[in-house]
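Chain order of the listed sequences is A and B.
Each residue of the first sequence is one higher than the one before, starting from 0 at the first, in numbering that gives the first Met the number 0.
Each residue of the second sequence is one higher than the one before, starting from 0 at the first, in numbering that gives the first Met the number 0.
These are computed hints drawn from the structure, not numbers from a lab.
Only a predicted model underlies this, so the values are computations on that prediction, with no experimental measurement involved.
Even for Gly, the Cβ is constructed at its ideal location relative to N, Cα and C.
Take these hints with a grain of salt, some might be off.
Chain B stretches covered by chain A per the calculated footprint, using a threshold of three residues with CB under 8 Å from any CB of chain A [said to hold, decoys possible]:
| no. | segment |
| --- | --- |
| 1 | 52-66 |
| 2 | 75-88 |
Listed next, the in silico DSSO-like pairs over lysine-lysine satisfying Cα-Cα at most 27 Å (straight line) [unchecked claim]:
| no. | chain 1 | residue 1 | chain 2 | residue 2 |
| --- | --- | --- | --- | --- |
| 3 | B | K78 | A | K117 |
| 4 | B | K78 | B | K98 |
| 5 | B | K112 | B | K31 |
| 6 | B | K44 | B | K112 |
| 7 | A | K102 | B | K99 |
| 8 | B | K78 | B | K143 |
| 9 | B | K102 | B | K112 |
| 10 | B | K102 | B | K31 |
| 11 | A | K102 | B | K33 |
| 12 | B | K44 | B | K99 |
| 13 | B | K99 | B | K143 |
| 14 | A | K30 | B | K102 |
| 15 | A | K78 | A | K30 |
| 16 | A | K102 | B | K31 |
| 17 | B | K33 | B | K44 |
| 18 | B | K102 | A | K102 |
| 19 | B | K78 | B | K33 |
| 20 | B | K78 | B | K99 |
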Amino acid sequence: MAFVEPFVITQEDSNVTQADGTAETLQDLFKYRVPTGIVIILRPGDPVKLHVDETDSSVGQATSQVLFEIRDATGEEIKPLLGPMQYANFSASGIGEFQDEDKIVRLGIGREIRVREKEYIVVRVKNATPYADKDLSWFSIECHRER
Amino acid sequence: MAPREQRFQLVDTDPNITEDSTFGTTRRETWKYKVPDGTEIILSKGDEFSLYAEDSGDAEYTDPGALVQIEVRDASEQKVINVYGPNNYKCSTEFQERKKIAKLQLDAPIRVKSREYIVILTTDDTGMDSASVANSYCRLLCTKRVLS
């Protein structure tokens with residue numbers, strides 16, 4: 000019988016691949032592949048948190064473009080999940096907001112979305128020079144998983 | 000006598016907690032609480048969780064690279080339910096301001112019975128020693144049910 004429990008996707012998850020950005024290009028920064036036997040359940044209002052650092056260790060620019068999307072297993076079928084929006088939405092205090100309920104970005108989807116095994120949830124960032132650094136940036140999507 | 004329910008703060012100094020100070024970059028059972036006989040713990044949506052953690056260099060955990068997770072395990076530790084995380088460290092460091100404190104996002108309450116476990120796991124890039132575990136602390140606000 001399927002069992003649903005709270006779950007958080009972060010940059011440290013072993014199913015996440017990371018890649019440094021390229022200046023002025025909307026590019027995959029973090030890419031989470033749903034593992035076999037798992038369904039990720041995204042619900043309206045689920046918190047989404049992001050901190051972007053640049054390769055020179057300065058905080059990402061407020062006007063950087065951020066986009067969260069879902070891709071099927073082939074990577075060909077793409078559904079936007081959140082954004083495109085400015086990084087300023089995630090960084091109310093100058094750096095990424097990870098605590099304050101009043102300031103955290105939440106999924107504005109109209110209904111529950113199920114992301115099935117081998118599909119992807121991708122965080123894309125377009126930052127000017129210097130580009131976004133995968134080792135200094137971090138994110139979380141607080142959701143549920145079915146196993 | 001009918002069971003009594005009361006709000007309960009599970010803290011790292013509870014006598015039913017064992018601590019793990021495994022050194023190195025690993026996912027460690029920093030605090031492991033065994034529910035005592037005659038007691039149940041009820042975890043519900045919105046229950047608050049906070050922690051402060053130091054690594055073996057006596058420095059506070061830093062993101063990215065530090066994760067916090069809470070699991071409920073049965074007495075055999077074979078059945079595991081995830082109740083929080085694994086989330087970035089910073090998400091659960093607030094102890095005072097209500098709107099910033101981390102909260103459990105459970106769909107339904109979970110009853111943790113006698114001899115079952117609530118385990119707070121941490122991961123960081125440096126590791127912990129017994130001194131850094133002693134300098135670290137946590138709090139989980141939940142409900143305790145005394146059966147007798």
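Results for each hint:
| no. | hint | in the structure |
| --- | --- | --- |
| 1 | 52-66 | holds (count 4) |
| 2 | 75-88 | holds (count 8) |
| 3 | B:K78 to A:K117 | holds, 25 Å |
| 4 | B:K78 to B:K98 | violated, 32 Å |
| 5 | B:K112 to B:K31 | holds, 14 Å |
| 6 | B:K44 to B:K112 | holds, 18 Å |
| 7 | A:K102 to B:K99 | holds, 10 Å |
| 8 | B:K78 to B:K143 | holds, 21 Å |
| 9 | B:K102 to B:K112 | holds, 21 Å |
| 10 | B:K102 to B:K31 | holds, 19 Å |
| 11 | A:K102 to B:K33 | violated, 36 Å |
| 12 | B:K44 to B:K99 | holds, 16 Å |
| 13 | B:K99 to B:K143 | holds, 24 Å |
| 14 | A:K30 to B:K102 | holds, 26 Å |
| 15 | A:K78 to A:K30 | holds, 14 Å |
| 16 | A:K102 to B:K31 | violated, 33 Å |
| 17 | B:K33 to B:K44 | holds, 21 Å |
| 18 | B:K102 to A:K102 | holds, 16 Å |
| 19 | B:K78 to B:K33 | holds, 15 Å |
| 20 | B:K78 to B:K99 | violated, 31 Å |
The structure shown violates the earlier hints numbered 4, 11, 16 and 20.
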